[in-house]
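Turn these sequences into a full structure, and let the hints guide you.
Residue numbers (the numbering used here), protein chains in the order written: chain R, 161 to 451; chain Z, 315 to 673; chain E, 190 to 445.
This list has only true hints and no planted wrong ones.
Dumping the calculated BS3-like pairs for lysine-lysine here, alpha-carbon to alpha-carbon at most 27 Å: (1) R:Lys243 / R:Lys195; (2) E:Lys282 / R:Lys195; (3) Z:Lys574 / R:Lys195; (4) Z:Lys333 / E:Lys335; (5) R:Lys250 / Z:Lys574; (6) E:Lys419 / E:Lys432.
Taking beta-carbon pairs under 10 Å as the criterion, some of the chain R residues facing chain Z (in silico): (7) Ala255; (8) Leu266; (9) Ala268; (10) Gln269; (11) Phe382; (12) Gln423; (13) Ala431.
Worth flagging that the hints you see were computed from the coordinates, not collected in a lab.
We treat Cβ as the ideally placed atom computed from N, Cα and C, and that holds for glycine.
Each chain is listed here by its residues.
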Amino acid sequence: MDLPLVVQLVVNGLSMGMIYVLLASGFNLILSTPKILFIAYGEFYMLGAFIFYGLAHELELPLVVALCLATLATAILGGVVYKLIFQRIKGHFLAMIVAAIGLMMLMAQGTMLVFGTHARGMPSIFTGMIIVGGIRIPVERAVLIIIALAVLVGLHLLLQRTNIGRAMRAVSFNADVAALQGVNSNRTCLLTMVVGCALAGFAGAIMTPVFAVSPGMGAITFLVLMVVMLGGIGSMVGAIVAGLVLGVTLSFGQYSVGGGVAQIIFFAVIAILIFFRPGGLLGQAMEEVPP
Amino acid sequence: MDKLWKKYRLNRINIRSGKLIGLVVLGVILVLVPWLVHSPYYMHLLIMVGIYAVLAMTFIFLLRTGLITLAIAAFWGIGAYSSALLTMRLDLSFWLALPLSAIITGIIGFCIGYIFVRSPGFAFIILTASLGMAIVHVFGTFDVFGGYLGITGIPAPDPILLPFLAPIKFSRVDKTAYYYLMLFLVLLVVLALRAFYSAWTGRAWRAIGLSPRLAESLGVNLFRYRLLAFVIASAAAGLMGSFYAHYMQSLVPGAFVVIKTIYAHIYAILGGIGFAISGPVIGAFIMTIVPELLRVVREFEPIFTGLFLILLVLFLPNGLLGLLSLRQRVERPSESIARVGRWIRDYLPTSRSEHENRK
Amino acid sequence: MSTILEVRQLSKYFGGLAAVSKLDLSVVDSEILGLIGPNGAGKTTLFNVIGGFFPPTSGRVTLDSRDITGLKAHQIAHLGISRTFQASTLFMKISVLDNVLTGYHMSYKTSIWKRLLRMPSALNEEEMLRQRAMEILGFMGLESLKDELAANLPHGHQRILGVCMALATNPKLLLLDEPVTGMNPEETQTMIDLIRQIRDRGVTIVVVEHNMRVVMNLCDRIVVLSYGQKIAEGLPEEIRDNKEVVEAYLGKEGAR
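Below, the structure written as structure tokens:
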């Protein structure tokens, strides 16, 4: 394979990879703090994409407005869902998983009913290429990567520097101790859910001009699970590494053997990896909690 | 004869117990079903109820050891495809393929479980979910499984030859033979599960389910017992998969999507996860038969299922049987059966009980 | 007098926090060793490490000269170390007798296949274990409650049940984590007597307790921990008069 092709595949992989990173980060957040295995996460991603598509393409609102509204919508929906459903079944892991599955089915089918089953495309916002030494990189993918990186940095700052972020981390380690420190566990979990779902909607929105939108998009949850497993449950750094690895791997895989097989191979690799490190590459084994 | 009796403590079984009589009556009713139900369509539903009930049982079984699995449909599929290939490529008889499939699925379950079970809670769920999703791709990608179009023309089970009676043929038109085979397999699984549970392994499993830390401090090897449960659950699912393959006589990968595992979950939760055997049966029965009786529109199915799941989990966490239990102290289905049995024993002519004693 | 358990340079870090730091400890055969210290001193963490619930960050643990560092909890149970837990950790939804029977898990020798076939050897063994369970319940005074659900027992009895289960594993070394916390003086005295009787049966005991009277009364030797390090070790009288120990507690008598 010649260099331009390789670079193109890598850039493709990185751009999709950043999406995985954003999604995995949000998923990790929801997994760590409110401790929900949020199987319906992919549906929020899809919802963000559809709303953005509807606002930006059909209603022709300004892009930034559409982006904000899409993100806001998923954020609010996430909060509502948490308040109505998950807050009531806090602590019952099976119940939460089942509820998440039910939500997933509801949202997937609902979107399909409202929007139909066919994929929608949207004209690219940034056309044009960056040409570096004979290698062509589409501008829109570069922009995607940069925007995603910016949001990621913002997330990091949120978690490390703000009070809310600290509260989120505290509750993820030990909710009871955090409560003793004055952290309102319910409110923190609600906010975490909001932020997580906002991330999903945002990711869906920004990828819409670059890739297509379809009701089956929710299936990305499978890949997000893989990323989280690979990078380690709850590990933000792991999510970054694993997300990018997945993106690039699938990019090359799609080119050579086709998407389905690439996924299987990835799954097999992860299974073998888990054999040697049950918590994932960088995650702490969640069961290592003092009795 | 008497010595044999004592050696195996058979005389400990109280023949006059209400529970036994009740179970016998239940058994009789189940056996008579084909004479009462004439529509092949309803027979089909009952057969599917049986299959799903077993799958739901494996879910609860694993849940009791602290494992939430999303791979039930995957092992069901592995059993189904194994059996299809064994009979079609290796020309084995169904009656050989059936146990072999269960064993093969058990072995695969061991290999997969060896990797999965070591992982802590959430990781295990994610891994089984991934397996559940990936297995459909595996079945669809490789030609040996017939690709996404699947396998057709799977042979029906060979007719059973009994002395003095006409051979029992398995036909899709008259599903009677399939029905009895299903009953037999369900009974087999139930007895096997109960046997394991009454043994010391059952005590260990129960301990793991109630308090894993405490169980560990008493010397229970969590990994080994959970792996054992995983293997048994896989083999059971594989067994039903084999039956399914030769009943439907065709397989598509899409039959084993993760949502089928979710169905198993629903049946188990609807029945009540506190009831390992009767719960799944009731849940499967209600979810399969009732929509048919009410002619619910099928198009909207996933939405309603999704909504139903959420409502179920919010308002009926103990399932239907759990709800009934709360109202009248703790009357479990086995107690109800026992009660009915006692009523029969006490109010019918004594010659009946004597008849049973002479056994 | 031989050393049954030895802990050498043991450290356990959680993230950046040292719960236990370079601890050296010896437990003598058939003694009752008290382990005291203010909250957060690392006592329960030490129990968890010895018990195999998590591996130490560094250091070694030896049982009868055999290195058991890093072994998992069930393996350590098989080697003869048993423990109770701070909270009432019991199998709540089953009966008292079933709780103790579960403790005999390691003693059950008959293979599973024989049990599935209901062979006499399997059933006899179960009967024997049942009798031994009743013996322990009798020894600890709980035999009349054998069919009661563990969750229904009063707190004091639950603690005693916890000790019964630990005893069922036939341990060489018993780690008791706050056995009399939450008990009234009567129950406390019962527990003290029981612990002495257990020791007389040949079991070495390490007790973590906050109740100073119990500790002084019961223990042959005492080790004091503070912030994960050993700050004093010796006979009860020596510890009582030790200035550093008093300071560590900051005047809290600790008697509950």
